[in-house]
Each structure stands twice: as structure tokens, then as C-alpha cells.
Amino acid sequence: MALSGFIGRRNIQGIKVEIEFPPEVYANTDFPIKIKVKNRKKFLPTFLLRVYIENASVLFLLVEKEEEITTNFKIDKRGSFKLDKVNVCSVFPFSFFIRCQTYKVDVEKTVFPQPKRCDLLEKLIDSISKKKGEKITDKPGYEGDIISIKDYTASTPMKFIHWKASAKTDSLKEKELSQTGSTPIIVDFDKLSYKNLEEKLSCITYTVLKASNSDIELYIKYKTDIFYTKDKNQRLRFLNIIANL
Amino acid sequence: MNIEKLVKINTYLVSGLIYVLVFPHISVIYKLSFLFLFIVTLYRDFFRDLYIPRIFLNIAAVILIVFMAVRTNINDIVTPVLETLLLLLSLKLLEYKKFRDYMQIYLLITLIFAGYSILSISMVFLIYLILFIFLLNFSIILLTYYNEDNRVQLTKKQLQTIITKSVVIPVLSIPLTALLFLFLPRTNYPLLNIMPGQSKGKTGFSDNVSLGEVSSIQENNQTVFRVSMEKIGGEVYFRGITFNMFDGKSWKNTIPENIKSKKTFPPAKTVSYTVYLEPTYDTYLFTVDVPYRVDLGQNRLNYYPYFHRDLTVTTSLPITQKIKYDGVSILTDRYEDDTPVGYFLLLPPDLSKNVLNYAKKFKDSDDYKTADNIVKELFKLEYSLADLPTGENQLEKFLFVKKRGNCEYFATAMAVMLRINNIPSRVVGGYKTSTYNDVGKYYLVKEKDAHLWVEAYINGKWVRFDPTPPIRTQVIQTIERPSKLKLLYDTINYYYNVFILNYDFSKQMALYKTVGSKISSIRKIDIDKQKITIYLIYIVVILTVVSVLALIYRYMTESYEKRLVRLLIKQLKKAGVEKRDNEGFEESVMKIEDLYQRDRFLKVVRDVESYIYGKRKMDKVEFEKLKKELSGII
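Residue numbers (the numbering used here), protein chains in the order written: chain A, 1 to 245; chain B, 1 to 634.
If you're looking for bench data, these hints aren't it; they were derived computationally from the structure.
Every residue gets a Cβ at the ideal spot worked out from N, C-alpha and C, and that includes glycine.
It is possible that part of the hints are untrue.
To be verified - Below 20 Å or equal to it, Euclidean Cα-Cα: the simulated EDC-like pairs (lysine to aspartate or glutamate) are:
(1) A/Lys42 to B/Glu558
(2) A/Lys65 to B/Glu558
(3) A/Lys230 to A/Asp188
(4) B/Lys157 to A/Glu67
(5) B/Lys570 to B/Glu587
(6) B/Lys156 to A/Glu67
(7) B/Lys603 to B/Asp619
(8) B/Lys156 to A/Glu66
(9) B/Lys269 to B/Glu336
(10) A/Lys230 to A/Asp119
(11) B/Lys486 to B/Glu278
(12) B/Lys263 to B/Glu336
(13) B/Lys369 to B/Glu336
(14) B/Lys157 to A/Glu66
(15) B/Lys165 to A/Glu64
(16) B/Lys156 to A/Glu68
(17) A/Lys16 to A/Asp106
(18) B/Lys579 to B/Asp599
(19) A/Lys34 to A/Glu24
(20) B/Lys157 to A/Glu68
(21) B/Lys562 to B/Glu586
(22) A/Lys36 to A/Glu66
(23) A/Lys116 to A/Asp30
(24) B/Lys165 to A/Glu66
(25) B/Lys156 to A/Glu64
(26) A/Lys65 to B/Asp581
(27) B/Lys165 to A/Glu67
(28) A/Lys159 to A/Glu174
(29) B/Lys570 to B/Glu583
(30) B/Lys322 to B/Asp282
(31) B/Lys627 to B/Glu561
(32) B/Lys157 to A/Glu64
(33) B/Lys579 to B/Asp607
(34) A/Lys77 to A/Asp30
(35) B/Lys249 to B/Asp387
To be verified - Covered stretches of chain A (in silico footprint by chain B; criterion: 3 or more residues with CB under 8 Å from a CB of chain B, positions within the stretch not fixed):
(36) 48-61
(37) 88-102
Model the full structure from these sequences, guided by the hints.
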């Protein structure tokens with residue numbers, strides 16, 4: 001008994017827990033975190049260790065030097081999230097007792113608002129296309145009309161080969177298409193009106209993310225600043241601001 | 001591997017082992033029942049699922065326990081309990097098992113093992129004990145994993161690490177247990193002095209000895225006792241029992257206990273000794289011939305010893321456990337005694353005329369000479385353990401037809417012939433050996449050393465005569481010559497016995513006292529600075545030696561590549577370059593300003609790298625070469 005107590009105690013000592021969060025974290029949305037346990041004991045490994053982070057837990061079967069487990073994690077509230085300790089527990093060696101110990105970790109994270117599907121972007125696009133329609137640029141791209149035909153270069157996907165022209169000239173030709181562009185949209189954050197702040201933040205977050213993944217050039221005006229959503233730094237700066245509202 | 005499967009396999013393994021262990025001690029019906037249920041369990045778990053309602057198993061278990069309670073009597077508690085536990089174990093194995101069921105199984109196994117410890121008193125038990133501590137420890141650790149999450153999959157490597165590293169628990173617990181053995185309070189009376197109720201283990205002497213019987217004793221190579229004493233020249237006689245009455249086929253003792261006699265011993269050498277007796281399930285205590293005093297120490301409370309007038313010693317109860325006793329004996333072959341001689345002259349009623357006439361031929365001027373004549377004549381016959389005279393008139397057949405026999409024929413012939421010549425005589429049963437263990441300083445006595453000899457009552461003295469031809473010793477040696485290894489094993493066994501048997505309550509109290517006085521004297525001591533300094537120096541020296549050895553060991557077991565890398569870092573430092581963790585060796589070498597040095601370093605580094613990143617392994621020759629080169633740079 002005494003020995004199992006001693007071994008059990010030793011088992012959860014001399015370890016280090018590190019937690020790694022992804023760069024962008026959204027409220028109420030699952031995201032993966034990496035939990036790393038390092039064993040600093042000379043002879044004994046750490047057996048059967050459960051690491052509790054808030055209300056999630058992961059089980060390490062055996063940590064000789066270093067083990068890493070990725071698990072899903074969710075934070076309910078937007079804003080600043082701070083994790084300064086984790087509990088590690090183990091029933092090793094004989095399941096008679098459960099022993100726990102708290103370890104310090106250092107995680108500080110801004111949790112962005114939960115993105116919720118809304119039709120803000122569609123509305124904006126609609127309102128613009130009614131006015132001007134699609135704008136076609138003369139820059140080369142992949143979606144617009146053919147602006148010229150040129151010799152094929154090996155790096156171009158096959159679908160751009162202009163077969164007709166190639167057949168005529170006996171050498172491979174490719175189509176050069178124009179880029180479709182869209183009119184930049186600027187949204188004034190303060191002027192959007194929603195039932196409540198959370199709705200508004202969720203919708204704007206969704207819109208920002210959606211826009212950043214499409215060709216829509218969305219700018220958001222917040223107070224005196226304007227953020228370009230396609231630029232990662234600007235986007236994150238904006239999300240940071242609204243996360244803490 | 002799936003943890004559940006691992007737990008199962010391991011549990012069945014341990015259960016199977018415990019079954020094998022208690023197998024010789026349980027009755028056939030239990031043996032078969034366990035085996036049957038065990039096979040059903042294995043079939044169920046690994047081939048095809050069978051549904052067995054728990055309630056049936058529980059009812060069966062209750063019936064078993066009631067049956068055990070009915071069947072148990074005070075004389076034999078262990079076997080029924082053991083049998084019942086074994087069947088309970090098999091029922092438990094049959095259940096669908098959860099964590100607590102496995103725990104109960106391990107508990108049952110532990111109990112069975114404890115029961116087995118009462119039945120088995122040999123040193124092999126210690127080996128089993130250690131094995132079981134390791135196995136159970138591993139089982140419970142696996143179970144802990146299982147309990148935490150029963151879907152756990154362990155890789156082979158993880159399993160290996162768990163096995164090898166968790167060994168630390170039993171390794172630490174065994175010395176702790178030994179310590180507990182020393183310090184846990186023990187009673188003066190053995191609580192578990194339960195007779196395992198077996199007479200089947202019984203060999204050796206009994207109240208009467210038939211002709212030809214001793215040879216069957218002698219076929220047995222079991223150890224009867226060991227006697228710790230100084231070595232005395234020649235063979236030593238160990239006295240056990242005497243017989244006065246011969247009916248033509250077997251010897252008995254018919255002398256009433258109430259006859260008292262006065263004895264006087266001649267001045268002769270005395271020896272003190274300690275006998276470590278294995279359980280004989282009989283009451284005889286063997287002593288060096290002729291005994292003067294016997295002391296059972298603590299054991300006298302259980303086995304009240306009785307010193308008989310024929311200089312034999314018996315206990316009040318059969319000896320069912322290993323015991324030890326001390327004795328003092330006088331090394332002589334005769335002693336004075338005023339026994340009434342009538343009991344020692346009786347002849348068997350149907351003694352043949354041939355024997356009568358034959359015996360009378362040895363009559364001489366005095367009784368000593370007559371006895372000597374008989375011994376001389378008997379020495380001419382052949383000593384043999386096989387093809388012995390049987391049936392009617394065995395004595396006659398022995399003397400005139402077969403002319404061969406073992407000790408009881410010789411002893412009987414002599415005793416009878418002495419009586420025919422009117423010399424009172426008796427036959428003494430015991431052991432005779434010269435097997436001395438020089439390492440352990442003890443005589444090893446086995447069943448094959450069983451022996452009968454004769455005592456003749458001449459001029460008021462009982463005088464020992466051994467009419468068995470001396471060739472006996474060689475013949476017996478051939479039964480089984482002890483090899484060196486066996487002797488060594490026996491020595492270990494002996495020390496184990498000595499330790500277990502000698503460690504009683506009084507020893508424990510003595511230990512407490514010494515420890516207590518040591519502790520209190522530490523407080524009182526006015527510190528002798530010089531002594532402490534010396535001790536400290538000792539400690540420092542020992543620690544230094546140990547750590548140097550550890551370092552050497554570490555160095556020797558490290559791969560050549562690793563050693564070179566360390567050397568390289570050291571040499572680089574000497575050259576004024578500290579290698580950083582994130583930089584390669586070549587980068588570091590490039591920082592050396594001396595171009596000549598840099599080139600030589602670079603050469604070595606490339607060589608070392610070709611080993612580290614290549615497929616070849618560095619051998620000693622290459623290692624020495626590179627090492628020399630490296631040391632030569634600076």
C-alpha cells in the first residue's frame with residue numbers, strides 16, 4: 001500500500017505539460033489543441049496520466065520522454081481566454097486511489113466571436129451588382145473571357161489548352177483568360193444594426209471569413225480604421241478588436 | 001494490443017499457474033471440475049460466446065461454501081478451503097468480468113497462494129512467491145489501464161516498457177516485505193499450525209519394522225533432516241527408535257513406559273548440535289548416538305518431547321512442520337544401564353533349528369568375543385538392496401540360501417543370534433551417514449541413509465554393534481550421488497531453513513531491543529568527531545568509487561558514435577568554438593580561425609557524420625583511429 005502510494009505520487013511528479021492552441025480560435029467552435037507531456041524523471045516513465053483542461057481530458061498511456069496528443073477543444077465565450085494551470089491525475093499503479101497534481105501552463109488567447117451563418121455578404125453583393133454588374137478587368141486571370149492566345153507553357157493546367165488553335169498551328173496553344181474582379185465593398189461596422197451585439201459580431205465574423213476565402217474585396221470600417229479582410233494581419237487585428245468588445 | 005484481451009490472457013495465465021501449483025494437494029474431483037470450468041471459460045472467451053447467467057454462478061458459489069463448511073474438520077482445514085477457493089476461482093473466471101471481478105479473482109488467487117504456503121514448506125515456495133508477486137503486480141497494473149479506459153490499445157513497445165519499468169514496484173516491495181517479516185509481531189504459538197492431514201507423505205520409520213521394509217525406505221532420496229554440528233570422523237549414527245520384540249517377520253517395541261533405569265555414560269567426547277527436521281508426520285526425534293539431552297526451544301510448547309529410557313526421544317504430537325531442536329550427545333558406542341534384561345531375550349516362537357544350531361557355533365569365552373564372532377561371520381555375507389529374502393523363514397533364507405540382504409537382515413540376524421547365546425539384545429533404528437556439507441557445516445541425512453543396528457547388553461552396558469558390511473556406504477552412494485550443484489542447492493535450502501526456523505518471537509524481541517538500544521544510544525552518544533570523520537570519509541570514498549564505476553559503465557555502454565560526438569564537442573571547445581544546439585558540426589568547425597586546425601577538424605567531422613547518417617556502424621578500430629586523430633589536433 002505504502003509503496004503503491006509512493007509510486008503513484010512519483011508517477012505524476014517531474015513532468016511538464018505544454019498546450020498549443022491554433023492561431024485562430026472561435027467561440028463555441030471545436031478546434032484542435034496539442035497537449036504535450038514531457039517526463040523529466042530519470043528512470044521511471046509516467047504511466048496512465050489523464051490531463052484535464054477545463055472540462056476536457058486526454059489520457060496518456062505512457063510517457064517515457066515526451067508524448068503529444070491532439071484533441072478537440074471548445075471555448076464558449078469570446079474575448080480573452082487564459083489558462084494558467086492544468087490538473088493531471090492518475091490511478092496508477094493499482095487503481096486504489098486517484099492522485100492529482102496541478103501544473104502551470106501559460107496559454108493566453110483571444111477567442112474570436114463565433115461565426116454564424118448570415119446573409120450580410122449576399123445582401124451587399126446584391127446591392128452592388130444591381131448598380132454596376134460584374135466588373136471585368138483586363139488583368140490576366142482564370143475566370144473571365146479569352147483575352148489572347150499564347151504558346152503553351154508546361155505549368156499551365158490542361159484545361160486551358162486551346163485545342164482548336166493548337167490543331168490549326170501544330171503547336172500547343174493556351175487560352176489566356178481575363179480575371180474577373182469585383183468592386184470593393186466597404187462596410188461600416190457601426191452602421192450595421194442587429195438585434196443584439198452577439199448576433200452582430202457573429203454575423204460580421206462569418207462575413208469576414210467568407211469574404212477572405214472568396215474573391216470579394218471586403219473592407220470593414222471600424223471607427224476611424226479600415227481593415228482589408230483579405231490581408232491576414234488586418235483581418236486578425238479586426239477580429240481581435242471585436243472579440244474584446 | 002487491446003487491453004481487455006491482455007488482461008484476460010494474463011488473468012488466465014496466473015489462474016492456470018496457481019492451479020498447477022496446488023494440483024498435487026487437491027482431490028481428483030476438484031482437479032477435474034476446475035479444469036472443466038477453465039476450459040469452458042477459455043472456449044467462451046476465445047471461440048464462441050456462451051451466456052451463463054450470473055445468478056447460477058452465485059448460487060453454485062454459495063453451495064460450494066456451505067459444502068466446505070460441512071466437510072471441514074479441525075484436523076484438516078487447509079485442503080477443503082483450498083479446494084473450495086479453487087472452484088470459486090473457476091466460477092469467477094466464468095463470469096463476465098468487470099474491474100471488481102478481476103480484483104476478486106486476484107484476491108482469490110492470493111488466498112489460494114496463502115493456503116499453498118501452508119502446504120508447501122520447501123524453499124521452492126520462495127521462488128513461487130517472488131514469481132507471483134511479479135505476476136500479480138503486472139496483472140493489476142494492466143487492470144488499472146483497463147479500468148481507466150477499456151478501449152486502450154497498447155503497442156508492443158509500450159507493453160514492454162510497462163513490464164520492465166513497473167517491475168520497480170515488486171523489486172522494492174520484496175525487501176520491504178522481508179523487513180515486515182522481521183518486525184511484524186509474531187505469536188509464541190503458531191496460529192496456522194494446521195496439519196495438512198496427509199499421511200501419504202510419510203516415509204521412514206514407524207512403530208514396527210518388517211524385514212525388507214527398510215530397503216523401500218532407502219529407495220527414497222528425500223531429505224529427512226540436517227544436523228548443524230562439527231565434523232566427526234567416520235560415519236555418524238542417528239538414533240531414532242529401538243525394538244525389543246521379534247516375531248519372525250517384524251520388530252516391535254513392547255517395553256512398558258513405566259520402567260525406570262539409571263544410566264551412566266563413560267567419559268567420552270560430547271557434541272552439541274542443532275537438528276533441522278523436515279515434517280515426518282511421526283513423533284520420533286533423531287539424535288546423535290548416544291543422546292544426553294534434547295531441547296526443543298519454542299517448539300516444546302507444541303510438541304512436548306519425551307526422553308525415553310531406551311534413549312529415544314518422541315514428541316507428544318506428530319511433527320507436521322519443519323522444526324528445529326538442539327541436542328547434546330556423547331560420542332560413545334556403550335553406556336551403563338540397569339535395565340531388566342528379560343524383554344531382550346525373547347525369541348520368535350517358530351525359530352528354525354538351523355538358525356539355533358548355527359548361532360551356537362559362535363559362542364566364545366566371553367560375550368564380547370561371541371558378539372565379535374557373529375559380526376565377523378555376517379560381514380562375509382553380501383549387502384544388497386534388491387532380491388531380498390521374502391516369505392516364510394526369512395532369517396533362514398537370508399543366512400543359508402540367498403546370503404544377501406540389507407541392514408535389517410544383518411541386524412535381525414545378529415540380535416537373534418545374540419539372544420540364542422543368552423546375550424540380551426535389541427535393534428536400533430535410525431540413520432547412518434557421512435555426508436557432511438563443508439560449506440554449511442552440517443550433516444545431510446536422507447531417507448536412503450536409513451539404517452538398523454544392534455545393541456547388545458554385556459556386563460551391565462549396552463554396546464553398539466553394526467553387523468552390516470561396510471560396503472553399505474558405497475552401495476547407498478550409488479543410489480544417487482549428489483552432484484556439486486545439488487549440494488549447493490541443499491546448502492541454500494539449509495540456510496533458508498535455519499533462517500526461517502530460528503526466527504521466532506524471542507529473536508524478534510532481541511532485535512527490537514538491539515534496535516531500540518542503538519537508537520537510544522545514538523541520542524546519548526557524545527559525538528566522537530574523529531569517528532564520524534572516518535565514517536564520512538568512508539562514505540565519500542564509496543560514493544566516489546560507485547559513481548566512477550557508474551560513469552565508466554555508462555561510457556562503455558554508449559555507442560562509439562555518441563562517444564566521438566562528445567569528444568568532438570570537447571575538442572571544439574578547446575579550439576575556442578562552442579557548438580550551439582541548432583548548428584551542425586561543420587558550421588561550428590567553420591568558426592575555427594586556425595585554417596590548419598579547421599581542415600583537420602573538418603576531416604574528422606565528415607568521417608563521423610558518414611557513420612551517424614550512413615548505414616555503417618562504427619567499430620572499435622575506426623573509433624580508436626578517429627579518437628586519436630581528434631586528440632592529435634590540439
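Now the hints, each set against the structure:
{"no.": "1", "hint": "A/Lys42 to B/Glu558", "verdict": "17 Å, holds"}
{"no.": "2", "hint": "A/Lys65 to B/Glu558", "verdict": "19 Å, holds"}
{"no.": "3", "hint": "A/Lys230 to A/Asp188", "verdict": "17 Å, holds"}
{"no.": "4", "hint": "B/Lys157 to A/Glu67", "verdict": "14 Å, holds"}
{"no.": "5", "hint": "B/Lys570 to B/Glu587", "verdict": "16 Å, holds"}
{"no.": "6", "hint": "B/Lys156 to A/Glu67", "verdict": "16 Å, holds"}
{"no.": "7", "hint": "B/Lys603 to B/Asp619", "verdict": "18 Å, holds"}
{"no.": "8", "hint": "B/Lys156 to A/Glu66", "verdict": "18 Å, holds"}
{"no.": "9", "hint": "B/Lys269 to B/Glu336", "verdict": "16 Å, holds"}
{"no.": "10", "hint": "A/Lys230 to A/Asp119", "verdict": "19 Å, holds"}
{"no.": "11", "hint": "B/Lys486 to B/Glu278", "verdict": "18 Å, holds"}
{"no.": "12", "hint": "B/Lys263 to B/Glu336", "verdict": "5 Å, holds"}
{"no.": "13", "hint": "B/Lys369 to B/Glu336", "verdict": "19 Å, holds"}
{"no.": "14", "hint": "B/Lys157 to A/Glu66", "verdict": "15 Å, holds"}
{"no.": "15", "hint": "B/Lys165 to A/Glu64", "verdict": "10 Å, holds"}
{"no.": "16", "hint": "B/Lys156 to A/Glu68", "verdict": "19 Å, holds"}
{"no.": "17", "hint": "A/Lys16 to A/Asp106", "verdict": "12 Å, holds"}
{"no.": "18", "hint": "B/Lys579 to B/Asp599", "verdict": "17 Å, holds"}
{"no.": "19", "hint": "A/Lys34 to A/Glu24", "verdict": "14 Å, holds"}
{"no.": "20", "hint": "B/Lys157 to A/Glu68", "verdict": "17 Å, holds"}
{"no.": "21", "hint": "B/Lys562 to B/Glu586", "verdict": "17 Å, holds"}
{"no.": "22", "hint": "A/Lys36 to A/Glu66", "verdict": "7 Å, holds"}
{"no.": "23", "hint": "A/Lys116 to A/Asp30", "verdict": "14 Å, holds"}
{"no.": "24", "hint": "B/Lys165 to A/Glu66", "verdict": "16 Å, holds"}
{"no.": "25", "hint": "B/Lys156 to A/Glu64", "verdict": "14 Å, holds"}
{"no.": "26", "hint": "A/Lys65 to B/Asp581", "verdict": "19 Å, holds"}
{"no.": "27", "hint": "B/Lys165 to A/Glu67", "verdict": "17 Å, holds"}
{"no.": "28", "hint": "A/Lys159 to A/Glu174", "verdict": "9 Å, holds"}
{"no.": "29", "hint": "B/Lys570 to B/Glu583", "verdict": "15 Å, holds"}
{"no.": "30", "hint": "B/Lys322 to B/Asp282", "verdict": "12 Å, holds"}
{"no.": "31", "hint": "B/Lys627 to B/Glu561", "verdict": "11 Å, holds"}
{"no.": "32", "hint": "B/Lys157 to A/Glu64", "verdict": "11 Å, holds"}
{"no.": "33", "hint": "B/Lys579 to B/Asp607", "verdict": "18 Å, holds"}
{"no.": "34", "hint": "A/Lys77 to A/Asp30", "verdict": "13 Å, holds"}
{"no.": "35", "hint": "B/Lys249 to B/Asp387", "verdict": "17 Å, holds"}
{"no.": "36", "hint": "48-61", "verdict": "holds (count 4)"}
{"no.": "37", "hint": "88-102", "verdict": "holds (count 5)"}
In summary, this structure violates none of the numbered hints.
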